[in-house]
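Student: If you're matching them up, the sequences are chains D and X in order. Residues 1 to 312 in this note's numbering are what the first sequence lists, from first letter to last. Residues 1001 to 1497 in this note's numbering are what the second sequence lists, from first letter to last.
You may find that some hints are simply not true.
Claimed, not checked - A partial selection of chain D residues facing chain X, derived with a Cβ cut-off under 10 Å: (1) ALA19; (2) TYR132; (3) GLY250.
Derived by calculation from the structure, the hints in this document are not laboratory data. Yeah, the Cβ is synthetic: ideal placement off N, Cα and C, and Gly gets one too.
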Amino acid sequence: VEVDALTRFSNLAFGVTLALYLGAAVAFFHHLAFHRGRVLVAARVLTAAGLAAHLASVVSRGLAADRVPWGNMYEYVSVVSLLLVALFLALERRWRIDTSGGFVLGVAVAAMGAATLIYVPPGPLVPALNSYWLRIHVVMAMLGSALFTLGFVLTVLYLWQDRRERRSASAAVQARRPAMVAAGGDHAGDHLPAEESEVAGPPLPEGRLPAAATLDRLAYRTIVFAFPIWTLAVIFGAIWAEEAWGRYWGWDPKEVWSFVTWVVFAGYLHARATVGWRGRRAAVLAVIGFLALVFNLVVVNTVIAGLHSYAT
Amino acid sequence: MASSDALYRSLVAVWRTLRSMRTALILLLVVAVASVFGSLVPQAPVAPGAVADLFVEHPLLARVYRAVGLFDVYGSWWFTLTYLLLLISLTSCLLPRTRLLIRGLRHRPQPIRDLAGLRHFAEAVVSEAPGTALARSRRILRRRRFRVADAAPGLAAEKGGAREWGSLLFHWSLFLLLIGVVVGKGFGFTGQATVVEGETWTEAHASYDFPPTEGRFFTEPMHRAFQLNVLDFDAAYRSTGLPRDFVSRVRVTRSDGDPGGVREIRVNHPLSVEGVKVYQQGYGWAPVVQVRHRGRLVVSEPVVFVTGDPNDQRIPWRGVIKLPSLRPQIGLELRLFPDPVAGVQGAPMLEARNPFLAYTAWRGDLRLDAAQSVFRLDTSELEPFADGGLGLGETRELPGGVEITFEALREYTQFLVKRDPGTWIMLAAAGLIVAGLLPALYSSRRRVWVRAVPADGEGTLLQIGGFALQRPAAFEEEFVEITGELGTVGASWRSTR
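Next up, chain X with everything else stripped away, as it sits in the complex:
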C-alpha cells in the first residue's frame, strides 16, 4: 500500500517535471543537438557508401558510432525517446491550458473591486447618469473589439484571446504533423523504376527495380496498375555542357484502360496518376545488343548501362550481358563511348555521335547460383577469351561461334514512384501551424475594467483601470486613447501609475 502510494507520488512528480516549461525547453535543445549529429556523421539510410568507407578508413571510430547508433540518428531509439518525451511534455502543458481555454469560453470577463490598484488607472467626473456613461463605455470598448461583460456597477472587458488560441492551435498542429508522417509512412510506398525508351511499365509490386518500400498498412491491391509507355527521353544540355533539363515523354494508360494522354515528366514537374506520383530521377544509355551462337539467336534486347559518376560524362558507361544458357557459360563486359571523338579529347560525351561499344568476353562459370549484381560479372570462375569493339550496326564474331551485333542505341529513364496519402495532412498541419503562430506571437492579452458610480455632487464618477500581459508599451498608448474617448464629455482625468 505504502509502495503504491510512493509510486503514485513519484509519477506525479515526473508529470509535474514534464509540465514545466524548463523541461520542454531542455528537451527542445536536446532534439536540436541530436539532429546535428545526423548531419555530421554519415547516415546509413541515405549514404550507405560513406558509412562503409568510414569502416575501412577509421574502423575504431566507426564501431563506436555504430554502438551509439550514430549511423541512423533519426531512426535511433534515443532520438525517438527524446522527441517522445518532448511530445509528452508538450501534451502535459497543453491539456490543462486547453481545458482552461474551453472553460473560459462560457465564463465572461470577471469583475474586480479595486480598479485603482491596477497598473493603469484613470478617473473623472462626467455629467452623464451612470447608466448612460456605462452604455457609452460599452460601445467604445466593443468598437475596439473587446469582449465586454456587465460587472455591476461597471464593466469588465478583455481582448487578445487569440494569443492563447493561436498558441494552442500551433502546438496541437505539431501532433497533426506527426499523424501526417505516420499515415504517409503506413499507407504509402516508394519505389524506383527503370524504363527503356519504347517500353511500357506497369505500376505493380513486381515491376520495380527492387522491391518498393511499402508501409505497414499498405497492401498489394493498393498498387494502381496504370501503365506508362515511355515514348522518349531527352537530356538537354547547354553549350557549356551543364544540364538544362531532363524530360521523359510518356503515354499514360489508366488502370481502367482509359487513355491518360501523352504527358511529360521532368525535374520539378512530377506526373500524378491515380494518387501516385512519378518523378524524373535518373537516366542513362541502353544499347540494344544482339547475340547469336552458331547462327541461333540467343538474345536481342536493350541492356541498361550504368555510369561510375553521373556528374562526369567523360567516362564510359558500363554494362554486362550474362549468357548462362551457353556451354561454357559466357559473360560480356561492355563499355559504351556515346561520343568517342569527344571522349578521346577528354570532353564530356553528352550526345550519341558514332557511338562505340568496347567488349571483353569471358567464359567459364558465371556463378549465378550466388546472388550478384546485374551490372557486374563475378569473374572468379571466368577467363577472358576475346576483346575488341564495334560501332553502331556492326557485328563481331568471337571465337567459339558467338556473334555480337550493336543493333541500336536507346536511352532509359529512371523514375521515383511514390504514393504518400499523408502529404495533405502535412500541408493542412503546416497551414494550421502558421495560422496559430501569427496570433500566438503578435496578439497581446489585455484587460480593462470600467466603474460608474454617482458622484458626490452631481454626475457620475467614471473610473477605468487595466493592464496588458504582453507588449505593455503598446497598451499604454491604447489606454490613453480609451480614456480620451471615454472622457469627451467635459471631464478632467486623474491618472496614476
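Next comes chain D alone, as it looks inside the complex:
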C-alpha cells in the first residue's frame, strides 16, 4: 500500500515537474524575445519549483522501489533531465545564459515527455544490476550525459548565432557601401534596411543571446568538464563488466557507442587545437558526439540486443 502511494506521488510529481518546466520554457522564450525582467524572474521561479517537484519525484521513486532511482531507462532519463536543469540553474547567472533557458528547458521537457512512453512501475533490480557499481558507474554516465546535453544546447546556439553574426556582418558590409558614401560610415548592424534584416535570419533583436564567441567558449567549458567524467563512466563500466561478466571490454553495443561518444568528443577537443577545424567544424563534432550519446540511450537500449538491455 505504501509502495503504491509513493509510486502515485512520484508520478504526480513527475507530471507537475513537466508542467512547471514547460511553463519555465515558455517564460524563458518570452524573455529571449521581449527581454522583460519580471518574466525572467517568473521563469527562474518556475524552474526552481519544477526542480523541487522533480527531486521529490525521483526520491519517492527510489523509496517506492527501495533502491537507487536509476535502475531503468525511464528513471535514467528522469535523473539526467534533473541534472541538466540543476546545472543550468546553477550556471545561468554566472555565465549570463538566461536567454538560452528556453532551449535547455525545452530539451528537458522533450526528454521527460519521451520518458513517459517507456514508463514502468518501480520494481526490483535484476541480479546483474545489483551492485554498488550501479551507483558509481551510472552516476558518472548520467552526470556526463547531462553536461554533454548542456554543451550540445550551447553548441547549437553557437552555430545559430555564428550564422546570424556572419549574415548580419555581410549584410552590414553591403548596407554600408552606399551608406558610407552618403553618411560617412555607420556602425555594423545598427540600422539595417528592412530587406537586409530578413537576410540576417529570424527577427530576433541582436544581443539577446550571448555572442557566438561567448557561446563557443561556454560550450567548450561544459564539454571539457564532461569529458573526464565520461572517461570515468567508461572506466568504471569496464571495471564493473569485469566483475559481472568476466571481461572488461567485449564490444557490447553499449560499450561500442560509449566508446564512439568518447572518441568523437576527444576529436572535438583536438579539433579546437587544429588549424582549419576550429569553430564551426569542431562544433559539428560536438553535435555528432551528442547524437551518438542519444543513439546509445535510445536505439541501443530498445532496438539492438545486448547485455545492457535494461530498458524495462
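Starting from the known structure of chain D, arrange chain X on it as the hints suggest.
Tutor: Just chain X, lined up with the frame of chain D:
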C-alpha cells in the same frame, strides 16, 4: 641512388603527414565510424546465431558483409590497420613532444628583451633598489607557484607545465592500455565449466565443457588445479517471478591441498582462487536417471538438461541419454517439467514441485561415429519405439527389457572461469589516463617576465609582462593580481594591452 633518395623523401612525407594533428583527428573519426559498424551488423564472435540467420534471410547481403569483414569488425584487418595507423600517428606526435619536454627539464625559463611587446604589460617606478624589488618579485611569483629563473636584469617565470606533462601521460598511457590487452590475451585463458550439485570440478584444461581459449603464451602448467566442490546452487525468485539472485556454494580446495573454505559465487561477486576468477554464468536442471537393461545397471548419473530460452521458464528443459553399448543402440529424448502444475497453467516453472520427466525412446544406430551434440539425438538412423512419462522416484519398463528410473532431481551451475594477468595493467593505465587528463585539460600554461632597472630619477623602474597560452581571460585577472602585489610600495602602474 636517386630512387632510394626519392623513397627516403616520400617516407619523410608520410611521416610528416602522420605527425599532423589533422591526420590523427581523421584517423580518430575513422576508428569511431568503424566501431559503429560492429554494433549494427551481428558479430560472429559474440552472436554466431544471428550471423547464420542473416545468411538464411538475406544471403546476398550476408555474403557482401562477409567479403568486407563486417561480421568480425574488431578482428578485421582494416580495423587493425586503422588503429595501428592511429597509434603510429600518435607516436610520431608524442616522441618529439616528449623529447622537448625532457630537454625542457634542464632548461630554465628563457629571458626576453622586449616586455612591452607582450600581450599583458605594466610598469611602475618603485622606491626600492633594483635588487630588493627583484627579490620581492621572486617571492611573489614563487608563492604563486611559478618556476622562476634569473634573467638579468630581471626574472623569467613560467607556470602550468603540468598541462604538457598531463597530455603526454594521458597519451602514452593509451599504449599501456594496449600492453594490458596483449598481456591479458597472451598469458590468460577463458573457459566454461558445468558442475552438477554435489560434484567436484578441478581447474585443468581437460575439465572444461569445451577446450578453453588459451593465450599464445599460455602453457598447460599455468592451470591451477584447485578444486571446487559444488555444495548447492540456489536460484532465488521474487513473487513476481523475476530472478533475485543466483548463488553457488562451493567448497574450495587449493592446489597444494589446503582447504580454502566454503565460499559463495554469485552474479557480480566472482570467486578468486590463485589468480583465477570464477563467475556465476548459468544454471539448469540435472535429473538423475538410472537405466537398467534386463536387470543389469547400464547407467545412473545426473544428466545436464538445457533450455531453449533461459528467459522463458514455461517451456520444458531438454536432455538426452545415449546408450551405445546396447544392441540395438538406444537413445532417450527427455523433457523435464520441474513444476507440471504451473506448466499446465502456462506459468513459469521456477521451482521443483512434483517434477515430471517425459521421454521418447529411439532405437537403431546412434551414429556416434560422426561428431554430434550431447544435447541432441541424430535420429536419421533411429526409429521411435516407446514414449511416456514418469514422476520422481518412479520406474517405467520399456519394450526390449529397458527400465528407466527418475531417481533424483539436482541442479547444475555453470561457471565462467578466467585468468587475465593484464587487468592490473589495464587498471593502472586507466588511473594514469585520468591522472594525465585532468591537468591536460584544466591547467593552463602562462609566462611572466619581470625587469628591474634603475629609474631616471630615484628608485627602480619595475616592468612586468606576460601571456597565457590557454584560458586568457583567467590570466588577465591573475596578471592584475600580480601587478597589484608587486606595486604595493607606492607605485603608479601603467598598463598597455
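Student: So, against the hints stated earlier in the document, which numbers end up violated here?
Tutor: 1
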